[in-house]
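In the order they appear, the protein sequences are chains F and P. With our numbering, you'll find the first sequence wraps up at 633, consecutive numbering, no jumps. With our numbering, you'll find the second sequence wraps up at 853, consecutive numbering, no jumps.
Among the hints, a few may not be true.
[What the hints assert, rightly or not] Negatives, chain F to chain P, calculated, CB over 12 angstroms:
1. 256
2. 314
3. 515
4. 546
5. 581
6. 601
[As the list claims (entries may be wrong)] Below, computed lysine-lysine pairings styled on DSSO-like, alpha-carbon distance capped at 30 angstroms:
7. F/570 - P/807
8. F/570 - P/806
9. P/826 - F/547
10. F/544 - F/601
11. F/570 - P/819
12. F/612 - F/601
I should point out that these hints are in silico values taken from the structure, not numbers from a laboratory. On a predicted model such as this, the values are computed, not experimentally measured, just so you know. Just so you know, even glycine gets a beta-carbon here, dropped at the ideal spot from N, CA and C.
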Amino acid sequence: MAKHETPLLDQLESGPWPSFVSDIKRQAETKPECWDILGVLELSYEERITHWKHGGIVGVFGYGGGVVGRYVDLPKRFPGVEHFHTMRVNQPSSKYYTTKFLRQLSDLWEKHGSGMTNMHGSTGDIILLGCRTEELEPMFWDMTHEMNQDLGGSGSNLRTPANCLGQSRCEWSCYDTEEVCYNLTMHYQDELHRPAFPYKFKFKFSGCPNDCVSAIARSDVAVIGTWRDDIQIDQAAVKEYIAGNYPGNGGAHSGRDWGKFDIQKEVIDLCPTECMWMEDGELKIDNSECTRCMHCINVMPRALRPGKDKGATICVGAKAPILDGAQFATMIVPFMKIEKENDYEELIDFIEKIWDWWMVEGKNRERCGECMQRFGLPEFLRIMGLEPLPQHIKEPRSNPYVFWKEEEVPGGWERDVVEFRKKHAA
Amino acid sequence: MPTIEHNASSFEVDEDGFLLKGDDFNQDWVQYVQSVEGIPELTDEHKKVIDALQEYYKKNGIAPMVRILSKTTGFPLKRIYELFPSGPGKGACKMAGLPKPTGCV
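In isolation and in its complexed conformation, chain P is listed as follows:
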């Protein structure tokens, strides 16, 4: 599996660039994902989505459904795509250090 070096941290990731170990998550990771996911500038809104995802994942062991993410953050799906061009799965979940979404994608 590839290793990503960013600033002072190194991260083990899979082919899709998802963090293999959630514990590795730190601000360097956020900055790295920002650079590959087409996000020009990190805002509080990004942080709000990341926090919501991590909190939900910690509590439930899965990523929230899109609808629940919209509900907890107050951002409609359209806004989430504006923040994360790859969308909530490939963009936001990756940045939050959650495991890769699976199933019929």
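The following block holds chain F by itself, in its conformation from the complex:
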């Protein structure tokens, strides 16, 4: 593999941000095929079009997903990337690693692939970028046998679940996101490795409404931690904030002078439900009106904490625009206890109810959120066996096209026009 001239890419080696071009060049010293990555990318910069061919179906025996096949459309010119498949590797919850693990994985990838990675894919997987078809099985063998490490998901299946770092190092996590993520990943290995769904399906687990893994936007089932009792207030710490001894937001805005901390302006007046006030030097919260938006807790982490009766809100159906527009997830279960004691039975039941319905009713390549739209929220709730609540909607419908079930209407739908005509002549 020869070195290519890369005048355009070379421009991306200057400037302060870590340069991917410099990194690939360094990798190319030991892995010459990396010159061809730069070569084909330079060509794409010149011609402003991709040089990867359409699609690619490769994998490992026993699995229907986990590998994304890719071939360059100029294999003679760039033999090093003739095959350039991507392997998705299931990451540990919240992406904590030991160097031992990373070294082992790197060594295997140097041996079988290009040595290039993406840490991590948007869904969460460790992405191993670029290897030849004949190296897939050996890599998979080594990874599973030497590292006890499996592939992630791709295709019309359950994709690799992901979570925020939860209780490992955050005071606000309302349930053990890592534990749930791991347990459900293990529980659904079959659904993850062998596509059986109408389309892809994703879980994400966030410990609180700050939603550090963007579950509400990027997962079909978003589990977002919350609480249902009172926010815990440490009045002494509130006074420290007011006195200016504790920086607001943990010092997040220290890069600029925003003036002295003003609890009225920065917390009380910004509360979306206006349920906070000061009384005799104490901060008061009307918790029945609190929507648990996290703002006051975010501003005064040393004074305020989530309540003690913790669980999660379950939202369903987020997706990107294709086909019929982007969707955030819709709130379906306002509060569910998420505890290891019952092996997450309630959550698992909920998920499987969705699957039982969507696997039968979902059209080919129809995301769960689109299927929900097509059936309508009332029908979806009925399928899920849930009572409709005011919390299910932001506002009631403004159009009057209301469907009624026949049994809800006295006399039903069977009517005789002759009967009608007895009272109303034509």
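Knowing the structure of chain F, use the given hints to seat chain P on it.
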């Protein structure tokens, strides 16, 4: 594109080993795919899956969803993987001479 020679037939395939022309399909093709897809022995069950795929494709112009394949053959997905280790897409569709599955794989 590569050409595969097997027994008395030759087949034009893409990089992934999928048949480029569905009309080329014959028993030699089935035997060839068997040799590369980790299938030790062809059984009536394999044939049932292949026939179901071809019939559906002829009628609808697309490969059936996994669920429909399970329904028409009566084989649960687990069984399909036992028959075709690469699964219904890479294994069965390839053997049936259907075009390569596309989309977000």
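Here's how the hints hold up against the structure:
no. : hint          : result
1   : 256           : holds (19 angstroms)
2   : 314           : holds (27 angstroms)
3   : 515           : holds (42 angstroms)
4   : 546           : holds (31 angstroms)
5   : 581           : holds (16 angstroms)
6   : 601           : holds (30 angstroms)
7   : F/570 - P/807 : holds (18 angstroms)
8   : F/570 - P/806 : holds (20 angstroms)
9   : P/826 - F/547 : holds (29 angstroms)
10  : F/544 - F/601 : holds (24 angstroms)
11  : F/570 - P/819 : holds (15 angstroms)
12  : F/612 - F/601 : holds (24 angstroms)
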